[in-house]
Structure formats: structure tokens, C-alpha cells
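Trainee: Chains as they are written, first to last, in the numbering used here: chain S, 1 to 644; chain V, 1 to 644.
Warning: the hint list may mix true and false statements.
If chains are identical, the list can't say which one is meant, so a pair holds when it fits in one copy or spans any two.
Below are the BS3-like pairs computed for lysine-lysine, each with C-alpha atoms no more than 30 Å apart in a straight line [said to hold, decoys possible]: (1) 540 - 173; (2) 265 - 325; (3) 265 - 196; (4) 325 - 18; (5) 574 - 196; (6) 171 - 18; (7) 18 - 509; (8) 325 - 460; (9) 265 - 141; (10) 265 - 540; (11) 574 - 325; (12) 18 - 71.
Calculated from the structure, these hints are not laboratory results.
2 protein chains.
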Amino acid sequence: MNKNSAISVANALQPKSKFRPPAVNQVQVEGFFGPRIDVIASQTARILFDRCVEAGMLDQIDPDRPNPGLKIPYGPGNTVTTQMFWDSDLAKSIETAAYALNRHRDSALEARIDAVIDSYGRLQADDGYLNSFFLRIEPGKRWVNLRDQHEMYNAGHLIEAAVAYYQATGKRKLLDIMCRYADLIDSVFGPQADQKHGYPGHPELELALVRLGRTTGERRYLDLARYLVDARGEAPHYYDQEAIARGESPNDYYFDSYEYCQAHKPVRDQREVVGHAVRAAYLYSGMADVATEFSDDSLEPALEALWSHLTDRNLYVTGGFGPSKENEGLTFDYDLPNDTAYAETCAAVALVFWASRMLGRQPDARFADVMERALYNNALAGLSLDGTRFFYDNPLESHGRHHRWIWHNCPCCPPNISRLVASVGTYMYGVADDEVAIHLYCENVAALEISGTSLTLTQKTRYPADGRISVSVDPETAIAFTLSLRVPGWARGHHMAINGESIETAAEKGYLRIHRLWQPGDQVTLDLTMEPEMLYANAKVAADQGRIAIQRGPMVYCVEETDNKAPLNAYVVKDGAAIETVPVDGLADAVGLLIEAERESQPDESLYNTVPPGRQAARLTAVPYYLWDNRAPGEMLVWLRREA
Amino acid sequence: MNKNSAISVANALQPKSKFRPPAVNQVQVEGFFGPRIDVIASQTARILFDRCVEAGMLDQIDPDRPNPGLKIPYGPGNTVTTQMFWDSDLAKSIETAAYALNRHRDSALEARIDAVIDSYGRLQADDGYLNSFFLRIEPGKRWVNLRDQHEMYNAGHLIEAAVAYYQATGKRKLLDIMCRYADLIDSVFGPQADQKHGYPGHPELELALVRLGRTTGERRYLDLARYLVDARGEAPHYYDQEAIARGESPNDYYFDSYEYCQAHKPVRDQREVVGHAVRAAYLYSGMADVATEFSDDSLEPALEALWSHLTDRNLYVTGGFGPSKENEGLTFDYDLPNDTAYAETCAAVALVFWASRMLGRQPDARFADVMERALYNNALAGLSLDGTRFFYDNPLESHGRHHRWIWHNCPCCPPNISRLVASVGTYMYGVADDEVAIHLYCENVAALEISGTSLTLTQKTRYPADGRISVSVDPETAIAFTLSLRVPGWARGHHMAINGESIETAAEKGYLRIHRLWQPGDQVTLDLTMEPEMLYANAKVAADQGRIAIQRGPMVYCVEETDNKAPLNAYVVKDGAAIETVPVDGLADAVGLLIEAERESQPDESLYNTVPPGRQAARLTAVPYYLWDNRAPGEMLVWLRREA
């Protein structure tokens, strides 16, 4: 059986001129991301699995092992234990392993995953229900608290794992298990009077069902995804009703407002990104998928407003969002503190998901620019260079006390950043019936299909080390279609040539859209002007006033104590200061920046002084933000002091 | 009976050349603090009492009312409910009321206090034990958890209330009640084999026992204070032992380390201020009192090192400390964030206590300067101008969302700042056998006694509006002693005259010490040069780099949105910019400052821009920090952006 046959079937569902990502196994990634994927394939995938096992997760999911019971207490005052997320942690680890196997088969790892899948097979209830927490730890509490207890969230992650494992190995067992479970959910939840009208307290199932529908070609999964989106926040409020059914008052909700889970109003009425950041971006991802699959224009005003609200007022320059630890989420507009930034790795990963899905209807660099910013900066920082340690929160300033974890008591981020990086090829392209969009540049070979014709695209580039990209366009036979190449928002200029001939064409929404009869062997080259830039934040961002960030291409830079002299806030950079690229000690492949600066020195050690500090000429060495804390520990700073 | 007779007795215990504060009723305060005390006397004292009643406190302490039981649950994972502090909240409210009655008798208020005292009289156990929580809410748990349950802390506050009420009204009932309780504690705790070797988890009883000893002349209370100081942190550790006796593991301590309560090592081995800020300063206050009363030099190295650690590395410019909400206390050196500053009102109040007690051995402006900084800035901010609202935490930057509370679920701060301000006269002077030190300047009349001779000191001054102070020295008969006047550290210059004749004398530890035969009617004038100053923070204070604070005299200034245009971080002040004093709208008595500045404006509304902001000339209006949030709500900023 052709592994891609399911994809072909699913494509038949797709309305014309809608864009879908290729499957992970269609894009062979090298260049910048190649070594990162290799580390995940050779190290991280196994490590994730080991740490899930050490945490005791297999004892929970394997029905043939003694029941471990509740080992991790419910949190104070709320109704959550991390133990109830374990299916999702395992699922994301399986998904990462699937992409690792896609990179290179590893029979030992595959056997371990198969054993977990066998456990899930034995665990699954006769009616298809599958949740290790409610089957083994708290039986009888199925579907009683969608608001808090992550039941649908776990289902979604297991569906994504099933799709990934199927695509990587061709093995259908987990996919079949999850189709059975999805079918059960589809029967229990829906608009009919005899169905429950619920939806996920932590969105995720929506986007997963779209993936499942696209992969299996089963329309009902897309319909169920749409139902979950449509039902959200409608009156009478399902979370009120289920709270009352549990004998609780809806007013006792731990997070006070359903804004926390974006169920405070119907999704089409939502205009501001609120609440828990990961929940938010997962929901909006599902909304965008539904908008794409159903050509549902009624979701557009909400999606557009939410996007603007996030990117115009609430996005860190590193592509992270959600400044507050309290709710792991949003606070108020322009609240972007640096040293206390929560900016969870999972939220940046989720923003990549959302942005990529906003590209489902058309190429638009607004979305791809943010996708790239989140990917190369906040998200990528989540994983150490050696693939063994993980950031949960991602401040933009550290006083030397912030380091990657080996593991976390809520281990959502490690497998999330790992699965994203290992599947990054899928975010590089969007494929419609008559158009292929290149959203991200990186050396790779993509095996695509356009209007039924096989198409190989081969990117040759050192990007993001420089801005020169060559694309070989190799359709099986000559075929007319539109090839769209993104011109990133950061590029001060660009030059395109086809088969050596310069092409002048205006970018449409940030894409150069070339419609022609493409011949095998056609060569497109794109040169993007990539220079270091100083960025100034809006005056309403209190923490960044009197400061600049430095960006080169998609990379936001930081300075670290290991390359510079602490305290880092003693350095001042003048507007227009010279910046040159340099190699960096201990980071072989990185493009470092050397920045002309001045350094202040205090007259004495007193805490407060009436004498201003003195100034000496100095230089700062900056490295891409995602690389920080991979060498010696110490201070780190993104927003450098500036003076006019 | 002469109300002051107890004080005279106590003075007989005092070693020569040690300084004690006058009682509150010895100093009639007017000038700057007069209206603040009047507001407390006419408004706040009653409001505090009303809110204690509304919270249900009287139901707990009155044994003739139905037992309310535990109404406020124990906190998550720890062993504390705010209900167990209620004795202290009432006690501080009684203490405030006592000072209010001292200001002007109010028979209605006095009757309410007497009724509470009657309740305590009926509540007190036959053996003298007095704690409403353990007598009524959790009987049988007396003395089982000194570490967490604030039992001795409540006792200390009730003792302070008893002393204050006795001094204000001459009524001994509460004083007698608390002496009986103190006697019980003295019998239960101590060094003997048949005594418990415990000490307060939240220090307070130590300093209270010194007050009780000084007031009653009973040496045993001072001895008990010394015991509590000496026993702290000694091995075997009492908190370990009592945890084991409760069937708990000492390792399960909610705050992980006894650093939280400064019991991690014996007090004489402590060198760094750690843990919960209020606990810390209350402990150090008790240590300083014991050092003074017993001429105990062995405490000096610890007290000096702790003082340096706080004031050289961990003190906000507003005189607050303890940046973190997590432990309501210290984190790491130079960690002084502005917008997330916890800087609890109670901690600044406690610092006034500690600093005043560091003056017990000799006049030293190091201590009085910090006392003044904490008092006029962080502490005073805790109370609204109208005396009805209270800050708990005191950030140095607000984005417009921080406002005073009507009340707080942990209402420690409202009565604490109120009792401090209402008793501020006592902090103005230190009286030894042959010396009177003037620590703080404010219009007042002080009825003191020096070597058995009555001495009236009358300060005439607009301080801190300006730096000119006249002191009338009126001994009953001519007497030789030393009058010491503080020259604040902020004063760039000073001029002193006695009876119109200029006196040139070098300051000793920041005090002009004038020994002479003082005649009735002698006049001392002191002119302190009071100009606005720009303060620069140590380079290790990350949050303050590229910023200045502005101080004039003891007052640290802030800018508020109501006087300026938000965002306040758009303003930049050049080193040496002109600053002039001006009146301020809506703050009749305040000295405002008008500061030459520039204001930045962004080229557009984008979140991040490659174009630097433009600049226009502008002016900033600044007001004393303690006055902020008394007019229109909005942004507030202490540390202004600066450029060289």
C-alpha cells in the first residue's frame, strides 16, 4: 500500500485553492534544521520516552500492570493533576518518535512505541473510549468535567500521534484505535438532543480531528471538529451545566472566568486573545482549519481580529506570548515584561501551528512572518543544542538563574518542541490544487503533488545564515501552476531570477506568485537582503523603552555573559551603531554579531549614588536567542539599552 | 497616678549611654505628620476597627458569642489560615486606637476598645494563656507549631497594644492581662530542662517583651526576650523537634528552608537578610533591642552585617525591601524589580522599627537615614491621604492597575502603617542618661527627661518642605548634656547656630553632637541644604540601568499619569536636567518637581519598528512617591529613563 494514498484521498475533499501542508515524510530537511532533526532522532526521541517511563506513565496506561492509583495530588484549589495529562505527554512523545523514525528507522525505538500502542489497544474500552486516567485512576468520571480535566485534549494528542506514526511507518494500529475513539466521541458529542453539547476545556481535539479527517479522508472527523468549534461558548453554557451536574457552583471556577479557556463567548464573537496561551492558539488553529476546510468565511472576522490583537499588541519579539506565570497566559495589552516573561515554549509552538493554519486560505506573509519568528526564536530555544534539556518558560532577560530543565513536573513542552522541530518540513510548504507556496526557506527536498502531477522542489540554501535561496522545480512533466515564494517582512530588498533571468514582480501579500508552465529542471533563485536591524518597541511596551532588540533575518539576537562582561545592562548601544557578523566561540555554525557599544562603570559600590556612571567604548557579542544557555551559565539580555 | 511613672522605673534598668525612644504620649507632633495623625485619629482608627468587626474577628475572641469555627481554610499545602493572625490584627488596631486616643480622646472609640479588652479578659485561660484561635477555634493545639502558627507573634502584638493603651489612657486592664500571659510564656519557655526551648516562627514577641520590660520595669521580660533571641536556630533545631512531635517530617516544611523564618542558624551566625521580609526585620529589631538593653556586643557583628547586606544590596530607593511575592521576601542580591516589587508596607514599617532600634547604642545616621527613607516613602505610601485605603505591596512602577485596597484577606498592613504613623513622634528622638539625639525633623513638642530633669524640646520647621529647623531647648533648670542633631546623608551642606551664633563642628557618624550647659530658652537652628538630586543605581541593579530616581530631602519622587502623558516611559531625562519645585494640582501641601525632559513618539502604531522614535522637548511633573494613587488612577514611575 502506498503510504500517501490516504493523503490523496483526503485531498479530494479539499475545496479548490485551499492550502494544505505536506505530510512530514514528504519533505526531507537538511541545512539549518537538518542537524536539529538528527539530534532529535538520535537522542531526544529516546530521552522523551525514557523520562515518560521514569515518571511512571506506562504503569498508568498498561492495564496489565498493577494500578498505580493517584500518585500526584490534585492542585491546590483546582481540579487538575498533571497525571491526567499523561496520555498527551506520551502521545507527543510517540509523535516525536514517529518523525524520528521517518528520519531514520530505529527498530529498538519502534519496538518500544509498538509496545505502548499495544498497551493502548488493551486499555481501550469496548465502546472505543480511551483515556488512561479515567479508565484506570478515576473510573466512572468519564465526560463529567470537560472544562478542567483535559479529556478531549488527550484524545487530540493521541490522534496526532496516530496520524504521525501511520505516516512514518505505515502501521495502522494506533490510527485504527484512535478512529474508533473518535467515532465514539462523534456519537457522544454533537448537536442532537440525545448528544452532549460539550467541547474541550483545553482545545487540541479540533485541530487533531482535521488532521485525522485529512489523513483518512473521513469527512465526519472534519464535521466533528467544526461542531466543537461552533458549540464553544454558546448559551446555555456547557461548563455551567456540567458544573451543576457535578454538584458544584459554576462560580467556583478556579480561574474565575471562562476567558481562561476561551469559552467566555462563542468563537465568532471573540476579538481578543485572552486566557491560557496554549489553549488559545490551539483553539484558533482549529478555527483556522475549519475555516479552510469548510471555506467558512464567518470565522474570518474573529480570526483576523484575534491575529491582530496578538501580533499588534501582545507578541514578544521572540515570537512568544503569554507573559504571566499566574494563568500561563495573557494579561493586558502591551504587557511584555522581559525578565518575568512566561512565554511558554508550548505557546510559541502553538503559535507556529496557528500561523501555519492561517495560511490555509492563501499565502500571506503576515502569518508566515510570525510563524518564522516564533519558530526560530522562542520555540527553538525550548530545546538544548544536544537535545537533552528543555525550557518551559522563555524570558528575554535572565539574571543568571534560568536554565533548561531535564524534565518538568508538567512535561508538556519537551515533546511539543521536539515534535515541531522534527516535523518542521511540513510547515515549509502549502499545497493547493494549482499553487504551491514556499513559506519557509531551508535546504530540503519536497516530494509534492500538484493537480495529480508529482512535483519535486529542491531548496539549496544556507538560510538563515544568508538570504540566497535556489529552488529547483521538477514536475514529473511540464505543468502550469503558481509557485509562490515568500518575501519575509524583515527583508529590506529582494531579487528573483528564473533560469538566470531576473524577474520583476510585485509581491502580493508578501509573496512573489509566479504562474507559468513549469518545466522539469527550472531554477528559481531568490536573494533576500539580510542585514542586522535594530528594532524599537511601541512606546506602550514599558519594559522595552530605551532599549533595542537586534534581528538579522529571522533570528532575534541576545547577549550572554559568557561572551560579554556582566552586568549586561551596563552596555549602551547608540542608534545606528556598527554591527558586523562574526563567528562565536563554542557555537560553530552560528552567525554572531559584534556590536559597537559603550560600557558604564559606577564610581563605587554604593547601591545608590548621586554621581552618574562613567563610560568607556566597548563591544558586545550577540548570538541568536535560541542558542542561549547552551554554554556557560550567566546573564542574558535581548533588549539592549540604547541611546539616540 | 502619673502615667509616666512606669517609664521612669524602667529607665532605671537602662545602662548608661544607651538610647531609648520616648513614649508616644511624650511627643506632640504637628507639621508634616500632624494632619496624617489627625486623619488616623478621626478616620482610620475607627475604620480599622469596623473592618476587623466585619471580618468576624470579635466572634472569635468573645467567648460569650457562638463559636464561629474555622471559616477561612488553611492555605494550600501549608499550615496557615489568616484566621490565626486575627489577634494580631485586632491588637494592631487597638494600638492604633490608643495612639488616636492619645491625639484626642474619643469616648465612643475608647468604649469599643474597652469592650474588646473585656472580651480578652473573659477569654484568658486560668493559667494566663491568651490566644483566640487556639482557645476557641482549635483548642488543644497550644504550643504545638511555633514555626507556622503565629502564636507568639499574636502574643507580641497584644503586648504592644497593651503598652500603648496603658500609656494613652492609664488603663491597666490589658496590660495586666498581657503581663499574666507573658508570665505564663516565661514559665513555659526558657533554658531549663523542664521548659520548652522554642521561639516565634514569626518574630515580634522579642521586641514586644522589651517594650513590656521597659514599661513595667520588670527585668524578666527583657530576659525572656533575650532567651528567644539566643535560642533561635540552635541545634538540636526546635522546629525539627516539634515537627517530629506532631508526626510530621521536618523536610515537609512548606517553605523548604528555615531561612524563610530566619531560624536557619543561630542569630549570631547570620550575615545575610533572607526569607520573609517582615519576619526578618522584626527579628533584627528584637536582636537590636537585646543588644541595647544588655550591652551585648556579641550581637553586633550579625546586626552590622545584616544591616549592610540589606542597605548595600537589597533596599529599594523607596526604603522597601523584599521584592518577591512568592515568599513575601528576599530573593538574591540586587534583585530590585520595579513593576513587580512586592515591597510590602509591613516590611517598610518593620524596617523603621529595626532602624530605630539600631540607634539604641549610639546616634548613627546610617540607621536614621534608612529609617527616614523607609518612613517617608514606602511605609507612608501604605495609607491613602484620606486614611481609608491601604497598599499591601508597593511597586515602583505601575501600568495603571495597582490601587490601594479597602481591606485585604491578610489585613496586616493597614493597622501596621496606621500605628507607625500615629506613633511617629517616638521615632524622632533617642534619650540616654546624658544625651538626647534628634533623629527625625518635624514640627513637634517633646516632653523628655534627662538625668532626672524635665526637658522640653520644641521643633519649629516646615520640614520636609524645606531644610530649616529651629529647636527650642527648655530644661526645667540649666543642665549639661549632649544634644545631637542628625545631618541627613542626602544634605549637600548644613549650617548650625546656637542662640544665633554659628557653630562649626564636625559631624560624628552623621550627628552634630553639642555638649554644653543648656539653659532654658536656648535656641538651636539647623539649615540643611535640600535640593533635588538625581540618583543612579548600582550597575548590578538590572531594572534601574539607564534610569534615574529623583529625591529631594527624604522624599523620593515619582511621576504619575494624572500629571503627565502616558506612557511615562516615553520620557527621557538628561543627566543634569533642570528641576524646579512647583505646586501640584490636587495635592495642596506637596512640593512637586518640574523636570526638563524629552518625550519620544513612535512613527506609527506597530509593535516593533526599525525606525527609531522621534523626540520633542517636554516637562515632567513629579510628586513625592508616598502620594501616588491619591488622585486619578493611571501609570506611575519612580525610575525615569535617563541619558548621559
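Trainee: If a hint holds in the structure, say so; if it does not, say that too.
Mentor: Here is how each hint holds up against the structure:
For the homomeric pair residue 540 and residue 173, neither the shortest alpha-carbon distance inside one copy (53 Å) nor that between copies (58 Å) is at most 30 Å. In the homo-oligomer, the alpha carbons of residue 265 and residue 325 lie at most 30 Å apart inside one protomer (24 Å), although the nearest pairing across protomers, at 33 Å, exceeds that limit. In this assembly of identical chains, residue 265 and residue 196 lie within 30 Å of each other by CA distance solely inside one copy; the values are 18 Å within and 60 Å between copies. Taking the shortest Cα distances, residue 325 and residue 18 never come within 30 Å of each other, neither inside one copy (37 Å) nor across copies (50 Å).
Taking identical chains as interchangeable, the C-alpha atoms of residue 574 and residue 196 are never at most 30 Å apart, the minima being 61 Å within one chain and 65 Å between chains. In the homo-oligomer, the alpha carbons of residue 171 and residue 18 lie at most 30 Å apart inside one protomer (29 Å), although the nearest pairing across protomers, at 86 Å, exceeds that limit. For the homomeric pair residue 18 and residue 509, the shortest alpha-carbon distance inside one copy (16 Å) is at most 30 Å, but the shortest distance between copies (80 Å) is not. In this homomeric assembly, residue 325 and residue 460 never come within 30 Å of each other (Cα to Cα): the closest approach is 41 Å inside a single copy and 52 Å across copies.
Proximity of residue 265 to residue 141 under the C-alpha cut-off of 30 Å is restricted to the intra-copy arrangement: shortest distance 26 Å within a copy versus 49 Å between copies. Taking CA atoms no more than 30 Å apart as the test, residue 265 paired with residue 540 passes inside one copy only; the shortest distance there is 28 Å, against 46 Å between copies. For the identical chains of this complex, residue 574 and residue 325 are neighbours neither inside a copy (33 Å) nor across copies (36 Å), given an alpha-carbon limit of 30 Å. Taking identical chains as interchangeable, the C-alpha atoms of residue 18 and residue 71 are never at most 30 Å apart, the minima being 47 Å within one chain and 59 Å between chains.
Hint violations for this structure: numbers 1, 4, 5, 8, 11, 12, all remaining hints satisfied.
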